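With the sequences and hints as input, model every part of the structure.
Here is what each chain is made of, one letter per residue.
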Amino acid sequence: MTMYDSLETVKAELAKCMKCGNCQEVCPIYLEERKEGTVARGKIKLVEAVLKGDLKYTDGFAEKLALCLTCKACNAKCPCGVKVDKIILGTRAAIVKNKGLHPLKKFIFGTLKRPGLFNFGLKTGSVFQGLVFKKHKSLNGSYPRFPFGLDLKRIIPPLASTPLRDQLPEVVKVDNPVKKVAFFTGCTMNYLYVDAGKAVVNILKRNNVEIVIPKDQHCCSMPIIAHGDAETAKEMAKSHVDIFGKLDVDAIITTCGSCGCTFGHHYQELLEDDPEYYEKAKAIAAKIIDISDFIVKEIGLDKVKLGPVNMKVTYHDPCHLNRGMGVKDSPREILKAIPGLEFVEMKNADRCCGSAGSFSLTHYDLSMDIHKHKTEAIKATGADAIVTGCGSCIMQITDGMNRFDLNLPIYYTVEILAKSYAAKEAEDKKVAS
Amino acid sequence: MLSQEVLNELIKILGKENVLTSKEDMITYSFDATADMPSQEPDVVVTPDTKEQVVAVVKLANKYQIPLITRGSGTNLSGGTIPIKKGIVLSMLKLDKIVEIDAENLTARVQPGLVIQRLNEAVASYGLIYPPDPGTVTTATMGGSVSECSGGLRGLKYGVTKDYVMGLEVVMANGDVIRTGGKTVKNVSGYDLTKLFTGAEGTLGIITEITVKLIPAPKYRRSMLAIFDNLDKAGKTIADIISNQVIPATLEIMDNVTIRTVENYAKVGLPTDAEAVLILEVDGSIEQVVVNEFNTVQKICKENGAVDIKLAQSDAERDGIFAARRAALPALAQVKPTTVLEDATVPRSKIPEMLKALKNIAKKYNLQIGTFGHAGDGNLHPTILTDESDKEEMERVHKAVDEIFKVAIELGGTLSGEHGIGMAKAKYMEWEFGQEGIAVMQKIKDALDPDHILNPGKMFGGN
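Line order of the protein sequences matches chains A and B. Read left to right, the first sequence gives residues 1287 to 1719 (the working numbering). Read left to right, the second sequence gives residues 967 to 1429 (the working numbering).
Everything labelled a hint here was simulated from the structure, so no lab data went into it. Check before you lean on any hint, since a few could be wrong.
Think about it this way: if two alpha-carbon atoms lie no more than 25 angstroms apart in a straight line, the pair counts; the simulated DSS-like pairs of lysine-lysine are [as the list claims (entries may be wrong)]:
| id | chain 1 | residue 1 | chain 2 | residue 2 |
| --- | --- | --- | --- | --- |
| 1 | A | 1305 | B | 1302 |
| 2 | A | 1465 | A | 1491 |
| 3 | B | 1128 | B | 1357 |
| 4 | A | 1321 | B | 1052 |
| 5 | A | 1302 | A | 1484 |
| 6 | A | 1532 | A | 1399 |
| 7 | A | 1465 | A | 1568 |
| 8 | A | 1614 | B | 1233 |
| 9 | B | 1409 | A | 1302 |
| 10 | B | 1411 | A | 1338 |
| 11 | B | 1152 | B | 1128 |
| 12 | A | 1369 | B | 1316 |
| 13 | A | 1658 | B | 1063 |
| 14 | B | 1233 | A | 1358 |
| 15 | B | 1060 | A | 1363 |
| 16 | B | 1063 | A | 1338 |
| 17 | A | 1484 | A | 1710 |
| 18 | B | 1393 | A | 1305 |
| 19 | A | 1710 | A | 1491 |
| 20 | A | 1321 | B | 1025 |
| 21 | B | 1330 | B | 1357 |
| 22 | A | 1305 | B | 1330 |
| 23 | B | 1017 | B | 1411 |
| 24 | B | 1051 | A | 1321 |
| 25 | B | 1233 | A | 1321 |
| 26 | A | 1383 | B | 989 |
Since we're looking at a predicted model, the values are computed, not measured.
Right, dumping it as structure tokens:
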């Protein structure tokens, strides 16, 4: 019995909560709404009420449980170590079991499950996107021309004309590789931020790392887990366990904290009652590493390779990268090592940007209320570029800048590192000629 | 259940978005941070934006005789905000402005929904602090902490909330709005109504504005941790420090059960065979004075046979020492599903006696009790580690709690140092005040809230 099959399994987490309310200090949703039903201890009380039979699986219950970014800020604050996101995700799965999945979500998740269809849809979308989206004059994004479920004020990034994985060979060979890795691109890098994906490959090549990029990889399933569709998520977990389990690699590189957490934690949770798959998922989890950690901890940051990048940047900590995978220092180490680059910390760099992936679709206004503080913090640094390590955060911050009147370029950490490598290579060439 | 007529009137006063009625919302306001208390859902929760709305809600509650429970962040430990008689929960969180910071008069005027820490952040740039620092300083509201008269780790030197409340604006049960006290240091006009409403737990009126005293932030501090193999030695150390005219800002104690649990939980390097540890901090604005006081404290610890003393040489080491103290409650809470936390308080000279009595009570009722707390001001937190679902054990817990309060009062102490009475301790009030004392309080209550609509069931029990 996994935590996605029965609420009974989250009882131990519920029992740890002493209702002290310390979660109120950090919950981004509660800080906007200031209602008990929006903070962890209130939701825990509701789950307890359902378990006791005092409350049914009502629409109201489902709405309350949807109000969580799974940003894990309460987990980190909780004096009793309650893993609130575990309770939330387990309960959302129970809600879907009892109430069924919203038909629209059922359709979307069905597509995510069938990578071929998803891929086809997004490729076709990239051709026709001009018909429905109007490009923003300077930010990397477009407004929807019609209100088809998206807020008209919202800007979203353009789909790549050719997805990343279609532009890359399945195996990128190097001479005398120091390590061999698999690269899980994630959807945002594959379909939206292709340049960053290429930066990852270039950086790994520059460090003599051989890369395998399995063609049949697909969405990690985080959005599906977040909405409680455990059955679909299990199928996807098994598929990825099969795809990545058969590779003979030293590490599996992720470039998004949510994907990393899904491979690193959620697959094991989903497959807990299947001993064979569970063991395989565990073996894969042990190989999962974020690109910035891989560079700093596994390869070592070679300062000889770094050329100047004259920029003043600030860094936003993606929740799942920081609190989920524990990656906080490596991106900063990379940025601080680059000559010419001035690094300035923003206030509350580790506070959620309000995106939480699909939360920004289902709760757009609240998501932007939460985000407003992020734009303010960025403005206050006086930085001329933003750096982060998650595609969803990049989408949200770009949209937020449009909303709150800021216009700065935003990069993945690896893109800045790639710039630095390129600058050095250009320098070396100049010297040689 | 409230009639549709009442709900419609509430919506008219507050707007639909400020009136919550769903079953789910009611469940989330049926409790606060107090363990081992009954839950009770209110009929409705309202979230006013203005003082005028508060007045209108009070008048409505009065007209229809509906209980009115004022709530801040709901982090209290007395069951003070549980709507035990149902009714309207008045959530003050939207009234959260700092109205004024008056650095010349060292005062601030705030709305009740403001989180305490926000005030400290706002006055920091003036070099000022608001000293009361309950454990929930980053979540609790000013209104809640004034109503519960909360204390904290600095109580010995800096006092508690009531020592900083200079004036209030209060909505009375009939809807009248009054102002008490003010900005002046000296003010002896009339009865001291400010003190009356401070710690009244929302049973006498509804606070809509608070004027507090601020003080210059101390510039220097020195911290240490002293380990004792004997409770009496630790007790004598506390007494000797005070009689040597040093008043530490912090003087905390943890007993052996707490030490073992903290060490097991946080691995901070505490010796698990120690009978007590003291955590001490002296502070002030003249470095030499702070250093002298620190040396005196160190000398007294040594003279009283402390087996080990750790001096914090840096901010990081200080944080380490305080982390051990801060880990006390969470560590104890991990042991069992239910954590019953009390705040029985005795004169500081009686601390060793109280600690021994607690040890005996734990033995007598076969319970795990860890005790830590503010030794310098006699405010202890005996913490019973138990399981709410174990009926038989809970009976023993309740008997032990009875006995803890009995001993505290026999030693010349009080039921509550800083948490308040609420529902949790209402039944013991007569032990401390006698029938006559209760009668005086009842008369005050009857005079100000004749129909008992304000937070009924608190302070005196079943009214």
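Status of the hints after comparison with the structure:
no.: 1; hint: A/1305 / B/1302; in the structure: holds (14 angstroms)
no.: 2; hint: A/1465 / A/1491; in the structure: holds (10 angstroms)
no.: 3; hint: B/1128 / B/1357; in the structure: violated (38 angstroms)
no.: 4; hint: A/1321 / B/1052; in the structure: holds (18 angstroms)
no.: 5; hint: A/1302 / A/1484; in the structure: violated (45 angstroms)
no.: 6; hint: A/1532 / A/1399; in the structure: holds (20 angstroms)
no.: 7; hint: A/1465 / A/1568; in the structure: holds (21 angstroms)
no.: 8; hint: A/1614 / B/1233; in the structure: holds (24 angstroms)
no.: 9; hint: B/1409 / A/1302; in the structure: violated (42 angstroms)
no.: 10; hint: B/1411 / A/1338; in the structure: violated (38 angstroms)
no.: 11; hint: B/1152 / B/1128; in the structure: holds (15 angstroms)
no.: 12; hint: A/1369 / B/1316; in the structure: violated (41 angstroms)
no.: 13; hint: A/1658 / B/1063; in the structure: holds (19 angstroms)
no.: 14; hint: B/1233 / A/1358; in the structure: holds (24 angstroms)
no.: 15; hint: B/1060 / A/1363; in the structure: holds (24 angstroms)
no.: 16; hint: B/1063 / A/1338; in the structure: violated (39 angstroms)
no.: 17; hint: A/1484 / A/1710; in the structure: holds (18 angstroms)
no.: 18; hint: B/1393 / A/1305; in the structure: holds (24 angstroms)
no.: 19; hint: A/1710 / A/1491; in the structure: holds (15 angstroms)
no.: 20; hint: A/1321 / B/1025; in the structure: holds (24 angstroms)
no.: 21; hint: B/1330 / B/1357; in the structure: holds (18 angstroms)
no.: 22; hint: A/1305 / B/1330; in the structure: violated (29 angstroms)
no.: 23; hint: B/1017 / B/1411; in the structure: holds (23 angstroms)
no.: 24; hint: B/1051 / A/1321; in the structure: holds (21 angstroms)
no.: 25; hint: B/1233 / A/1321; in the structure: violated (36 angstroms)
no.: 26; hint: A/1383 / B/989; in the structure: holds (22 angstroms)
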